[in-house]
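Colleague: We have chain L; now place chains P, D and X onto it with these hints.
4 protein chains.
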Amino acid sequence: MFVQQFFVPGLAHSSYLLGGAATCAIIDPRRDVGIYLEAAASMGMKITHILQTHLHADFVSGHLDLAEATGAVIVMPKSANCAFPHQAVAEGDSFRIEDLEISVLETPGHTPEHITYVVRDRARGAEAVSIFCGDTLFVGDVGRPDLFPGIALELAGKLYGSLHEKLLALPPFCEVYPAHGAGSLCGRAMGAKRTSTVGYEKLYNNALTIADREKFIASLTTDMPEAPDHFSRCSDINRQGPALVRTLPTPEPLPPKRFREKMDEANMLALDIRGYTAFSGQHVPGAYHIDMGGNFSTFAGWVLPPDRKILLITNDGAEAAEAAVLLRRVGVDQVVGYLEGGMFEWAKAGFASDHVPLLSAPELNQRITSGDGLILVDVRSAGEFGAVHVEGALHIPAPELRTRHQELDPNRDIAVVCSTGHRSSLAASLLKRQGFNRVWNVAGGMTGFNAAGFAPECPLCVVPHGPRFLGK
Amino acid sequence: MFVQQFFVPGLAHSSYLLGGAATCAIIDPRRDVGIYLEAAASMGMKITHILQTHLHADFVSGHLDLAEATGAVIVMPKSANCAFPHQAVAEGDSFRIEDLEISVLETPGHTPEHITYVVRDRARGAEAVSIFCGDTLFVGDVGRPDLFPGIALELAGKLYGSLHEKLLALPPFCEVYPAHGAGSLCGRAMGAKRTSTVGYEKLYNNALTIADREKFIASLTTDMPEAPDHFSRCSDINRQGPALVRTLPTPEPLPPKRFREKMDEANMLALDIRGYTAFSGQHVPGAYHIDMGGNFSTFAGWVLPPDRKILLITNDGAEAAEAAVLLRRVGVDQVVGYLEGGMFEWAKAGFASDHVPLLSAPELNQRITSGDGLILVDVRSAGEFGAVHVEGALHIPAPELRTRHQELDPNRDIAVVCSTGHRSSLAASLLKRQGFNRVWNVAGGMTGFNAAGFAPECPLCVVPHGPRFLGK
Amino acid sequence: MFVQQFFVPGLAHSSYLLGGAATCAIIDPRRDVGIYLEAAASMGMKITHILQTHLHADFVSGHLDLAEATGAVIVMPKSANCAFPHQAVAEGDSFRIEDLEISVLETPGHTPEHITYVVRDRARGAEAVSIFCGDTLFVGDVGRPDLFPGIALELAGKLYGSLHEKLLALPPFCEVYPAHGAGSLCGRAMGAKRTSTVGYEKLYNNALTIADREKFIASLTTDMPEAPDHFSRCSDINRQGPALVRTLPTPEPLPPKRFREKMDEANMLALDIRGYTAFSGQHVPGAYHIDMGGNFSTFAGWVLPPDRKILLITNDGAEAAEAAVLLRRVGVDQVVGYLEGGMFEWAKAGFASDHVPLLSAPELNQRITSGDGLILVDVRSAGEFGAVHVEGALHIPAPELRTRHQELDPNRDIAVVCSTGHRSSLAASLLKRQGFNRVWNVAGGMTGFNAAGFAPECPLCVVPHGPRFLGK
Amino acid sequence: MFVQQFFVPGLAHSSYLLGGAATCAIIDPRRDVGIYLEAAASMGMKITHILQTHLHADFVSGHLDLAEATGAVIVMPKSANCAFPHQAVAEGDSFRIEDLEISVLETPGHTPEHITYVVRDRARGAEAVSIFCGDTLFVGDVGRPDLFPGIALELAGKLYGSLHEKLLALPPFCEVYPAHGAGSLCGRAMGAKRTSTVGYEKLYNNALTIADREKFIASLTTDMPEAPDHFSRCSDINRQGPALVRTLPTPEPLPPKRFREKMDEANMLALDIRGYTAFSGQHVPGAYHIDMGGNFSTFAGWVLPPDRKILLITNDGAEAAEAAVLLRRVGVDQVVGYLEGGMFEWAKAGFASDHVPLLSAPELNQRITSGDGLILVDVRSAGEFGAVHVEGALHIPAPELRTRHQELDPNRDIAVVCSTGHRSSLAASLLKRQGFNRVWNVAGGMTGFNAAGFAPECPLCVVPHGPRFLGK
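Protein chains in written order, with UniProt numbering: chain L, 1 to 472; chain P, 1 to 472; chain D, 1 to 472; chain X, 1 to 472.
Isolated chain L (complex conformation) (with noise of 0.2 Å):
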């Protein structure tokens, strides 16, 4: 038995190789599956199973271009109805790698068509060696289950019954392989660790100890992060069958006349990807800026309208072939060209630019403490903003400030303000693309206002121990 993890920063999301000694299972995929080729091949393995926990919603999964690469079969729950071919299991299924017996828990609660797969080394003996149990228990945390609004409730009562009558029930010595680690929103607080075991986690993970059936409930469904938009629409993408990546566009470079003429073309949609400091000094106006440096793929998913064809401004080529990659990861899959020469070339050719100035921590505390009036946005998420955050802050979480721009005076001098920069860059486009033209952005965000040592100024400038950040 062998068992090997893939993880995306970002997403962070575990996938893994579970093998045998010729063959494997993938678990999981992300969509790019060069990885699994590689490392199937480097170890002389096939690829002969791959196998979904559940319907993913953060992310499209590459079971379908992994079934063609591979000709392996796709393993899915029966209930989640999928429209590719598949084998379709159930509680109770199970089939062999190899030494290796693979058994099917249904365990609804994060979605309604969650299973878990459960390993026995016949090789070794007849106990359970390890669970990949997907999105319903993580290191430190469980899945959430109120991403389908009208049913949360009903699932949450059903995942507190999945941990506690069937992953508890367990081996305290199983080990759990999880689909999700530290960051992703699939979670509230999972711990940087990136597997555990049933034991360990039965004595000390944050919602196996609340024993109370109703209490765990209501944890479950109140104050969870808010959920981005992509996440439904990636669920049903997973069940349709994601298009194959070697069928998307590869974006094509654009000389800057072509890019111009190509933006008023119908359905497009400019995206700047570079670093905040280059977004503030010129960007292409209009664009949508989100950082490559940070979580690029959750907030794309999040803001992008979908449906769009997408053209990148970006440092360089190679740049724009690594946007798209993570793109196609959130099924943003049009990205159509991208502007060569970036905005080099761009000004060279004489075309407008628009500019987000940037304020450092003393500027910014300049400006506060002299009353000039700024409104200064906070578009961290509640936890962050709760924790800690400048007296007289608004907030706004980024996102919102697609349609929440409209409580702000387009006549104020606004600054916004996230935990470094990121995802306030982006909330300035947002608020740029709106007509906003005094935007300033904070730049090392609250990071570097506390590093400053400007906090202790604002009375409400305190940091209690508090969730996890998002962003970075």
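There are no misleading hints in this set.
Some chain D residues judged to face chain X by a derived CB distance under 7 Å, without partners named:
1) 2
2) 125
3) 173
4) 193
5) 199
6) 203
No lab work stands behind these hints: they were computed from the structure.
Even for Gly, the Cβ is constructed at its ideal location relative to N, Cα and C.
Modeller: Using the frame of chain L, we list chains P, D and X on its own:
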């Protein structure tokens, strides 16, 4: 808490990064320590501790190199009596890395000074979350206690105590992070899986399930694989403190003429590391052959006389540099040069070369069945030979041919065979060095011979369930 | 005005980028055209013209691939009667690239349709600054006129006219950019320097200094190196328009079993491209051997039967991909697969292999002086053989062994020798394919034999001043 | 005979490998000499000679580094009075590299000690085949004789003699290999073509066609571009012998806090080398800005005070290493550190940053036409300014702003403009260092302003035929 495993194929050695949020420890580091510096830097962590579970016998460790690069403290078992600056720890000692409490258990057995580091994550709870147990407990096996022949029985007894009284007393969910995986000579039959739990091993580990102390001792001191020559050397080097890698020579390119002159200097040795096919075609007379494709480091430490300077024959300079890294891992430090331009330039210079003709499976079969007097020497381990061999084959493990060549008649045709051809090529080079001129190597080894269907013709060629093979 | 030369070793082919400020031409492009696209892009130039001096005989050109990638117009000699869309030009035609005026001289001789492009930089002055003269005039030599045997004398006469009446009438300072350098078979004795001037060549070019027309014709039609088989094929392919590279197969990895099955399909051929040492050790029976380290493309075009599908034996997949590029350069387009895992996996699968034992220089000398009946076949060119050879050696150039193996007795021991071992290994593979079983290859070739000091023992081993060697 | 040219963009410097079959010379080497070692090794050549045509003023040469790496002899003009071991040569001296006879012509003019190496290929004939003439004769231009102000007229006269009496006396077909190409400040108007011939230059070279000696002197000592500050420094360094690169510091990563502390040490200077867009967004207060995308080495040598230690602000460590190479080329040797994590970490640390807002072409036009009192400072060279500029713009070349900032009013809004934005960003950083707080940089420069069609609105915006631009 964060854990990352680093695995070295061949030596089948696992080392670890154990981190909090901003600081981390490296446990049982390899000698080429760049990989740890990069991993820590990529996560923004500072390496503050270097932990050794024991004095490694099978490789030279990078504790001094890593300490020089990072300023971290080296933590060693007190009873190891190390000669370099370190923090000595013994039973009951403990220290912290942020939230992580690390305490010491003395677990002698594999070696007298062996300790285990038990980790408790105080941010989560008081019970042990994982152990770094070096060569005390492996996945499916335990550390061999027979490396110190005079006290093997004593150590086996201590190992029984270390396991049953200390490690198995830990919670079943506690994760087990050993220093070796499948293929290592520090145990007998490890699994391909690279981590486990206390509870799972308690149930199914072949050694742990021997409840009787005396039977355990008997089992662990009988039929062990031979211990390579460098095992005692490396222990001592690790105790004294290895030379810093930056002080060792970098192999210098030597044109054929200078290479030949250099070979005549005192204390020099030629080592060919190309594939066995190339070695068979032509090689520098007198060269040892250890194929980089096989278990290179282990056999180099095993058969090369210590304290000799090494002249490499490789395909190119990059390969020479890579080989030097692998040789340093077993304390073969004086790699002073390599043949510039390889055998192609050697031949152009008109120098003599030697040859080891190959036999493919059908050719070997033809010679065996023709009864032409060919002696077949099977150079695999006792376990492999016992599992399946050609009727009438002599059995002499490859490293033993350094002396046991005396059992063979240099005037007979001799074919050497192993699993696939790597070890038999080493064996052929050892015979050549002793003046044997009629030596063939079986390409594809027993693997090819069996695949070709010739095994059924030998009554003894059956493949019982047996121990894993060492080589490839 | 800007000029950049691109040189292909082996074929010794020079192509050129001739640019103004924003646009440029590519002259006599190789088939793998990515290098031109990158060069032009890096300087911000657009490729607008593709110029051919003639229908190349020794390689398939990339004019159609480059036209498809850029939209550039292909300029061809009118008398070439090309079958693809192009702009046909003849004596006196001219066109411009920015300040550059490019006019056409008809310079038949090497081929009937050959033209020369004369460049004038109108930004500087009216006189010709350089010529792109293809295979009409080389550094130190002229293009051979004997490739069309029926009209060799006629072409030699025309060449005299083209050179003396047209090219030598240009100013002495006019730079000469030829299509080939030292090593090409399109001439006899080119210099290592890759460009020259009209005036310098007029003074010192061996062919141009033959003032008498008849003597010139006699010289250029006598004692020329043999023309490889693919020369007439390539001319015709270049006239019809080569297949676009993107439409050709990519070599697919084939495990040993599939490789062997594939070999049995109609029209298949196995080609081993590893170093001769590896080939000597073990190879797939029946495989051709052409060492990538030698003049690979030329010998592949020469000896491989056209229109066969190719199965490669290589060290790895990257090498297979590289070989496919080199094979396409001579119109060997159907490279369908390669042996996955190489000979190591072949041997493990238990399949038969063949061998060509090597002789080092001292071993060859020992066999020659012992008079044991060894036949030594020298497979170099007539010029090389004439310059120095071992007394008693037979002379059969490597490619001729395809038929002249009939002059040899398969029951005798035969050693083949060339300059360093590449061509002799090809020769050995040709003999093996004809059932010769007692074949040795001389490692290091005559280079090693001479370097070892054995040449003086052969009275005939003297080294007169002679033409350059073709192979390495 | 074999010649290979190595071109350094920015400095527009050409060096050469001149080889026979097995040995070669390097002529006028750059300071980072690895490229020569690789080129020679790839052709199996040994570097035996290092030839300098003169004491280079615009870059520090690698003669000592290359001599140490190869053991080659350094050949220098006798009158250079060099302080390191070398072979001094003067008019009429000659030496050989295999068939190549290399003789020395003294050709003072660009510098007093300047010599030219004349090559004759004795394997071909007695006439000169090529000259390596350093900065005496360029393609389309000659070396400027005005770098030693006190003796400019004298040197101009000597240059006339060197050209007309010596170089032009060589055969017209003799090839000219100069040490610089288009963009170098060692001449005024070189062509993009990188080599030429004596005959062609004789006809069309702008300087050579001035037959009258006095007019030649007048022309060559009038209206020359300004000589950067490092020109005299580099000459002297090259005479004394530059420090070996291996003895210079490697830039060390410095976290923000250490970077800021280091800035306060004596003799430190911060240099930002990112793109101008990023610099505009946020930068360390007081930093010089020289964009790596522009003529980096030249402006660094020009404006940075000598003998200061350099702290870099870059995007990453690889860029810092690359910048250190470019800085060493102009003798800026003490690059001691770089800001680890770049401005992103600087901002997170809460430190103050500064900004230079950008103006796109339409924004500049709007401000100009609105008459809002903006001062436009054109920082290009006199030639560029003369060719076309915006009516009313002030002209102060960028490097002169180090002192001529005094001509500007810090209380006015000031926009700086160059060709595309690189030099104007340098200019902006110089003004910022002097306390100017109301500085804008024109993104896209005059290139964008013209492309946008705004030039016609300025009556003075006409583009006469003028000299080439220095920057990009």
